[in-house]
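Q: Listed below are the residues making up each chain.
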Amino acid sequence: MTDGVAIISLRQVSKRYPGGFEALKAVSFAVEPGEMLFLTGHSGAGKTTLLKLIAAIERANGGAVLVNGQNLSALRPAAIPYLRRNLGLVFQGQKLLFDRSVFDNVMLPLIVTGQPYREAARRARAALDKVGLLPREKANPVTLSGGEQQRLCVARAVVNRPAILLADEPTASLDAAYADEIMEMFSAFNQVGVTVLVATHDRQLIGKYRKRVLTLDHGKLQ
Amino acid sequence: MRAWLQHHGLSLAQTLARLARSPFATTLNVLAIGVAAALPFGVYCVLGNFESLSRNASVDPQLSVFLARDAAKPEIGAVEARLKDARGVSAVRFVSRDAALVELNRVAGMQEVIASLPQNPLPDAFVVTLSGSDPALADRLELEFKSLPKVAYVQADSAWVRRLDALLRLGRTAVGLLAVLLGLALVAVTFNTIRLQILTQRDEIELCRLIGATHAYIRRPYFYLGSLLGLFGGIAALAIVLSGLTVLNRDLADLAYLYGSNVSLKFPSPNEMISALLAAVALGWLGAYLSVSRHLLETDRD
Chain A
5 MTDGVAIISL RQVSKRYPGG FEALKAVSFA VEPGEMLFLT GHSGAGKTTL
55 LKLIAAIERA NGGAVLVNGQ NLSALRPAAI PYLRRNLGLV FQGQKLLFDR
105 SVFDNVMLPL IVTGQPYREA ARRARAALDK VGLLPREKAN PVTLSGGEQQ
155 RLCVARAVVN RPAILLADEP TASLDAAYAD EIMEMFSAFN QVGVTVLVAT
205 HDRQLIGKYR KRVLTLDHGK LQ
Chain B
1237 MRAWLQHHGL SLAQTLARLA RSPFATTLNV LAIGVAAALP FGVYCVLGNF
1287 ESLSRNASVD PQLSVFLARD AAKPEIGAVE ARLKDARGVS AVRFVSRDAA
1337 LVELNRVAGM QEVIASLPQN PLPDAFVVTL SGSDPALADR LELEFKSLPK
1387 VAYVQADSAW VRRLDALLRL GRTAVGLLAV LLGLALVAVT FNTIRLQILT
1437 QRDEIELCRL IGATHAYIRR PYFYLGSLLG LFGGIAALAI VLSGLTVLNR
1487 DLADLAYLYG SNVSLKFPSP NEMISALLAA VALGWLGAYL SVSRHLLETD
1537 RD
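In order, the protein sequence lines correspond to chains A and B. Each residue of the first sequence is one higher than the one before, starting from 5 at the first, in the numbering used here. Each residue of the second sequence is one higher than the one before, starting from 1237 at the first, in the numbering used here.
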């Protein structure tokens, strides 16, 4: 294992939920900075749990999760927000806010991290431009198509220029053309140095890219 | 730093906008807080008036020192010297038994009674004016004077002042209890209001935490909401108390006129009003703090 240069590293990580369900069993792997890789497996194999552990949304019961050299199980709760600022997250449930415009949705991570408004607005527009949604900046996200909503999620995830992008089933509800579009965007971010980890069960999509694939089966890495 | 100030400004503006969006609910909340705060503050103001009344009345509490009937001139002089030397005495006035009889004669209906007496029954007396209204001082001097030779009886004229004082102490304790209870009510009202607000925004809070918001960031708008509710509630309380005092004063003026005097309830001082407002703001802030902390704790657990 090349822990010295790994940006994400898991060692013998296990996660058991209350009630006894074992979502992950002794999972170990390392991701180098600038790598792009896929995480796949059947539904319920533990893909989402794995991503949640890396984002410190949940804590491992055993083993160590290291992100940017920080051991997450030793992290103080007050330090977690600062860890997450290095991560871009594309959530399975999108989590868009429908009480505000497309522009304000993308602004949120910048305001949360305390960027000055003018600079934040410039970067939000740049991110929207990258995903092709700049003309819709004043629209309410509810009026966007499924593919556009997913692109908005991507813009929100990358607007803070994170070192790591984690995406949980980003193409699940999209038809093939939209799914390709999203995956091309991830590939483009990866080419400028962002580490990208995509959890997906879409093997066809994975086949189009020559990237490392981690396969989970009932909580075990194959 | 600038971004931080910007976010404070933004939080305040959003909070005000949110309050303005539901004017009816906001008004009711502010009223509930206002009434809860107006009760102890109003009673405090009325009590303050009684207090100054008792202070005015006891500006110069007096002791009447009655001498024995057989006290001779030199003995009277000795008592007078001791009275004048005692600490806490500001003036000593001698009332001879003859002067007292003349004075009594002036009281309507007393002439016949006095005329029927074989001789002047009154003793010589001193009226001692004390320099302070401290009941302890009056007690001490009363005991001291009683032990002087040829002093038959000492009467304190400050008994009613002390009774009023005791009553006021009771009142102050009651106001304290009332303030604590209704302060709790105020915290409870803001706690629940903020909790409702948090529940309607729980998605936004969850998202903000996932993208790196600190607890301080999450708390900030709710601190503003709680403090503003407290502030508006405090203003409502002041309005209730001031208009209450105005109405009471109108009736009191009629009453005072019938008694030929000129009393009125004094309004609270600016300092007291500012203190009341600050207390309401602080309690609102506390309600917000408890509410957000509880939510953060609950969501941390899962």
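Since the hints were derived computationally from the structure, they do not count as laboratory data. Note that the Cβ used here is the ideal one computed from N, Cα and C, for glycine as well. Each hint should be verified, as a subset may be incorrect.
To spell it out: a stretch of chain A is covered by chain B in this simulated footprint if at least three of its residues, at any positions, have a beta carbon under 8 angstroms from a beta carbon of chain B; those stretches are [stated by the list, open to error]:
1) 73-85
2) 110-123
Here are some chain B residues the structure puts well away from chain A; computed CB gaps all over 12 angstroms [said to hold, decoys possible]:
3) D1321
4) L1353
5) R1445
6) T1450
7) Y1453
8) Y1493
One-sided and incomplete, this derived list gives chain A residues near chain B with beta-carbon spacing under 10 angstroms [as the list claims (entries may be wrong)]:
9) I61
10) N65
11) R89
12) N90
13) L91
14) G92
15) K99
16) L100
17) D103
18) R165
19) A180
20) Y182
21) A192
22) V196
23) R207
Q: Hint by hint, which ones does the structure fall short of?
A: Violated: hints 5, 6, 7, 10, 18, 19, 20, 21, 22 and 23.
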